[in-house]
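Asks: Below, each chain spelled out in residue letters.
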Amino acid sequence: MSSLALRPCGDFRTSYKQDNTIFETKTIRRMAIIAILVLCTAPLFLDGYLLTLCIQISYLGIAALGLNILVGYTGQISLGHGAFFGFGAFASAWLNTSFQIPVFLSIPLAGFMTMAVGMMFGLPAARIKGLYLAIATLASQFIIEDFFARADWFSGGSYGAAAEPLSMFGFVFDTDQSFYYVALFALVTMFIWACNLLRSRDGRAFVAIRDHYLSAEIMGIKLNKYRLLSFGISSFYAGIGGALYAHYLGYVSAEGFTIFLSIQFLAMIIIGGLGSVKGTLMGVIFMVFLPEVLESAVSVLKDTDWGNVPMVVDGLAYIKEMAIGLVIIGFLIFEPEGLAHRWAQIKNYWKFYPFSY
Amino acid sequence: MTESILKIEQVSLAFGGVKALSDVSFEVAKGSVFSIIGPNGAGKTSMLNCISGRYQPNSGKIIFQGDEITDLAPNDRADLGMGRTFQNLALFGHLSVLDNIMVGRHHLLKNNWITGPLYWASSAQNEELQHRRKVEEVIDFLEISHIRKSIAGTLSYGLRKRVELARAMALNPKLILLDEPMAGMNLEEKEDMARYVLDLNEEFDITVVMIEHDMGVVMDISHEVMVLDFGKKLICGLPDEVMADPDVKRAYLGIEDEEIQEAS
Ligand SMILES: Nc1ncnc2c1ncn2[C@@H]1O[C@H](COP(=O)(O)OP(=O)(O)O)[C@@H](O)[C@H]1O
Ligand SMILES: [Mg+2]
Chain A
-18 MSSLALRPCG
-8 DFRTSYKQDN
2 TIFETKTIRR
12 MAIIAILVLC
22 TAPLFLDGYL
32 LTLCIQISYL
42 GIAALGLNIL
52 VGYTGQISLG
62 HGAFFGFGAF
72 ASAWLNTSFQ
82 IPVFLSIPLA
92 GFMTMAVGMM
102 FGLPAARIKG
112 LYLAIATLAS
122 QFIIEDFFAR
132 ADWFSGGSYG
142 AAAEPLSMFG
152 FVFDTDQSFY
162 YVALFALVTM
172 FIWACNLLRS
182 RDGRAFVAIR
192 DHYLSAEIMG
202 IKLNKYRLLS
212 FGISSFYAGI
222 GGALYAHYLG
232 YVSAEGFTIF
242 LSIQFLAMII
252 IGGLGSVKGT
262 LMGVIFMVFL
272 PEVLESAVSV
282 LKDTDWGNVP
292 MVVDGLAYIK
302 EMAIGLVIIG
312 FLIFEPEGLA
322 HRWAQIKNYW
332 KFYPFSY
Chain B
-9 MTESILKIEQ
1 VSLAFGGVKA
11 LSDVSFEVAK
21 GSVFSIIGPN
31 GAGKTSMLNC
41 ISGRYQPNSG
51 KIIFQGDEIT
61 DLAPNDRADL
71 GMGRTFQNLA
81 LFGHLSVLDN
91 IMVGRHHLLK
101 NNWITGPLYW
111 ASSAQNEELQ
121 HRRKVEEVID
131 FLEISHIRKS
141 IAGTLSYGLR
151 KRVELARAMA
161 LNPKLILLDE
171 PMAGMNLEEK
181 EDMARYVLDL
191 NEEFDITVVM
201 IEHDMGVVMD
211 ISHEVMVLDF
221 GKKLICGLPD
231 EVMADPDVKR
241 AYLGIEDEEI
251 QEAS
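Sequence order for the protein chains is A and B.
Numbering follows my numbering, with no gaps: position 146 of the first sequence is 127.
Numbering follows my numbering, with no gaps: position 24 of the second sequence is 14.
If you are wondering where the hints come from, they were derived from the structure by calculation, not from laboratory data.
Don't take each hint at face value.
Claimed, not checked - Lysine-lysine pairs mimicking DSSO-like chemistry, simulated, CA-CA at most 27 Å apart:
1) B:Lys239 with B:Lys222
2) B:Lys139 with A:Lys7
3) A:Lys203 with B:Lys51
Stated by the list, open to error - Covered stretches of chain B, going by a simulated chain A footprint (3 or more residues, C-beta under 8 Å):
4) 65 to 74
5) 81 to 89
6) 111 to 122
We treat Cβ as the ideally placed atom computed from N, Cα and C, and that holds for glycine.
Please construct the entire structure, taking both the sequences and the accompanying hints into account.
Replies: Written out as C-alpha cells, the structure reads:
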C-alpha cells in the first residue's frame, strides 16, 4: 500500500485486480512465497530449541495479530487478551478430552468459543471508549482468571488440564519437527485471512471507525456492530493461538494467562507497529528473542571476571521483565509507529540511495 | 413545484439553553440544488445534523422520500440514499483516497468478515472489483485519479474536500448534504467545486442540500435558497427573491461584520 512513486518503474498495473493485491509488487510476492518455502525446510537445519522458538512465534503471532485488529485497526483497547488466549487453550483441551472431538476440530471450535466469550465481554465494551474501555477489559481479564480457578470441570483447577497432541489421518504431531508444520500452516492461514479481511468491506469498516467514527456512521457503518465484531475476531485469534499452544505443550495451567501476558501482547503490537500486519510479526519475533538474547548476554557475562556479579546473574528474571518495560517505553518515545515503520524507512533509504530526497 | 424528496416539519432543537433551531419547516424539491445560508451560529450545521441523524430534534418531523426518518440511526440513512460531507474535514486520515471512497460503498457491498477473508474462494474479490469500477467512475468525474493512492491525511485542504465529496457520491445517494463545501478554498478551487456540484446534480440526478457562505456561488447554482438566522427560518424562495428581501440584507450585514473581523 505504498504510494505510486515508490513502486519500481516498469511495474504498471493494467487491471484493478493487479492493483488490489496483498503484496505491493510481484517481486515482494515472490519473495514471500520463497520465504515460506524456505521456512518449510527449516526443521532440516534448525535444532529443536530454535524450532521451539519458531512455534512460539507462530501461536503468539496469531494471538497478537488478533489484538492488532482490535487495537491497531479498530482503535479499541483490550487488557484481557492474555485471558482469552488462555480460554482458547483450556477450551480446546476441554472439547477434546470431554467430548472426544478430534484436535483438528477442537482448535477451530475453541476459536469460536473464545469469540463468543469475547463478544459477551465486548457487548458493554462496544459502547465505551478510551480509559473506561481499558478498565472494562481489565475486568474481563480478572473475571476469566477467576473462572479458570473455580471451574475445575473446565480447567482442571490447580492441577491444570492435559491436552492430547494433534493427530490427523493416523499421524501424530507430537514432535517439535512435526508440530512446526502445523504452526507454520496456522500462521500463514491466519495472516492471509487477516490481509484479506483488511482489504475487503468489514476490514475497511474497522479502520474507518478508528479514523473517524462519526463519518463512518454516516457512511452506513453500524458502530456497535463493528466494534463488537472486532472484539469477536480478536478473541477468535486469541483462542486459536491458545489452542495451538495447548496441544503443543500437551498441558495447560492457568498460571501463564495473567495480566502480564496481556501486556506482553500489547507490547508486541506496539513494538511491531499498530495497524500493521507485517509489524505484528516483527514485534512478536522481537519479543520472543529479547529474553533469549538477554539470557545469552548474561551467560557471556558470567564467564568474564568483571561481569560475574550476583546481582546481574541471579536477577535475570527481573532484568527480563524490566527490559520489556524499557523497550516498550523506548519504542513509545523514539519509534511510536513501530518496527514496521522503521523497516519502511530503511527500505526507502536504499531505494533512493544515494539520493536521500 | 415538483415532487419533494425531503420534508422538514417544524423541527426544533435546543442545547441546554441555546435554541439552535426553532420550528423550522421546509421542503426540498427532487432534483434541485437547495442552499441554506445564514450567519455563523445560525443553526445551519445543526439542521444538516438533524437530517443526517447525528442530532435528534427535540420536536418536529423529518420525512425523506415519503417516509418519516426522524428517529432512524444515521447508518440506516445511508441505505435509504443519503450522503453527506462535513464542515470540518472528516476523512479517514490513514486510509488511501481509494479506500476512503470504497468505504462509501459499504452499504452496497455484501461481503462480510467470513466471505471477505475467503476472497478468492467466495465472490468477494469479484464484488470488490465491480465496486472498484464504480468508484473509479466517481474518481474520474471529480478528477482525482492522480491522488487515488495517496494517504488522505496528507492531502491539501482543497483536495480533501473533493475526496470527501467523492466518498459521499460513492454511496449512490439520492440526496447529498454538503456542509460548506467551498469554505477555505481559493477562487479556482471554488469554481471547480461549483461545477462538480452542478454536474452531480444534473448528470447523476442527485438532489443537493448545501450550506455555503459564498453568495456568488449560492446565487449561481441554487434553485432555491433558505435563510436561517438565530435558529429561525427567515425566508425561503428563489435566489433573487431572497436577495431582495430587506430582512436578509439586515441579517447579512451581521455576517459581513464578522468577515471583516476575521480578516483583520
Ligand atoms: N453539539 C453541540 N452542543 C452545544 N451547542 C451546540 C452544538 N452544536 C451546535 N451548537 C450550538 O447551536 C448553535 C448553532 O450552531 P451551528 O448549527 O453549528 O451553526 P452554523 O452551522 O449555522 O454556523 C450555536 O449556538 C452552537 O453553539
Ligand atoms: Mg456550520
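Asks: Evaluate each hint against the coordinates.
Replies: Comparing the hints with the structure gives:
{"no.": "1", "hint": "B:Lys239 with B:Lys222", "in the structure": "holds, 16 Å"}
{"no.": "2", "hint": "B:Lys139 with A:Lys7", "in the structure": "holds, 18 Å"}
{"no.": "3", "hint": "A:Lys203 with B:Lys51", "in the structure": "holds, 23 Å"}
{"no.": "4", "hint": "65 to 74", "in the structure": "holds (count 7)"}
{"no.": "5", "hint": "81 to 89", "in the structure": "holds (count 7)"}
{"no.": "6", "hint": "111 to 122", "in the structure": "holds (count 5)"}
In this structure, none of the earlier numbered hints is contradicted; all agree with it.
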